[in-house]
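Visitor: Starting from the given sequences, assemble the full structure and let the hints guide the process.
Residue -15 is where the sequence shown starts when you use this note's numbering, and the numbers rise one by one after that.
Rather than coming from a laboratory, the hints here were simulated on the basis of the structure. All residues carry an ideal CB built from backbone N, CA and C; glycine is no exception. Just to be clear, a hint being listed does not mean it is correct.
FRET-style restraints, in silico, Cβ to Cβ [said to hold, decoys possible]:
(1) Trp165 with Asp140: 45 to 53 Å
(2) Asp(-14) with Thr27: 18 to 26 Å
(3) Thr27 with Arg166: 52 to 60 Å
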Amino acid sequence: MDADLILSLEGAAPTPILLVTVTLNSATVRWTDGGFAIWDGQTYESEDAIYGVLGAVGEIEDGADGQATVCDLTILCDQAALLLWIDPAEQGSLVTVHVGSMNRPTGLLIGEPELLFRGELDQPRLGVGPSQSLIYDCITEEARMLEANEEQRLTDSFHQSVWPGELGYDKVTDLEQKVYWRADDPNEAITR
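Guide: So, in structure tokens, the structure goes:
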């Protein structure tokens, strides 16, 4: 973490801010959790005229025991923006969340903001309540790696779907048999 940022956050009256960037196919949305901030030549605002307002950033928790880091974004938006957000082509768009500190009198950032989360948009959910909100679950690349590849099979048909015309599995048999790793094969004989 940047030394100036640490000193600012440990000071008597720090002004921490979040900087959220969502890189969609059609645009890049840059939000901050209040007012506006300029960082790295880009302006972060509390409201985007097309995509709405960042309502909240969920708690960012480190994954443990086979779970990956997750985060959720609550977006307050109108019907037109909602349709843009839930477009299936936007799933997988890059999301970054940084924490920084602002100098109140000047409005400038102190030090270099720290990256808290880097991931992608995963699943949208509609929020329940008086205002229309969209809650987007965000996951990391490591979460994608933990997903089972259930569609992949050690068969000729799957092999042909990936490499058309490649006949390496054409005459192979016994691929469907289970192979037991680090364990004895079960005894299939009937015993009394």
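Visitor: So, for every hint listed, does it hold in this structure?
Guide: Evaluation of the provided hints:
One distance hint, 45 to 53 Å for the beta-carbon pair Trp165 and Asp140, is violated here, with the actual separation near 23 Å. Restraint check, Asp(-14) to Thr27: a C-beta distance of roughly 21 Å satisfies the suggested window 18 to 26 Å. In this structure the hint that Thr27 and Arg166 lie 52 to 60 Å apart at CB holds, the actual value being about 56 Å.
In terms of the numbered hints stated before, the structure departs from hint 1 and from no other.
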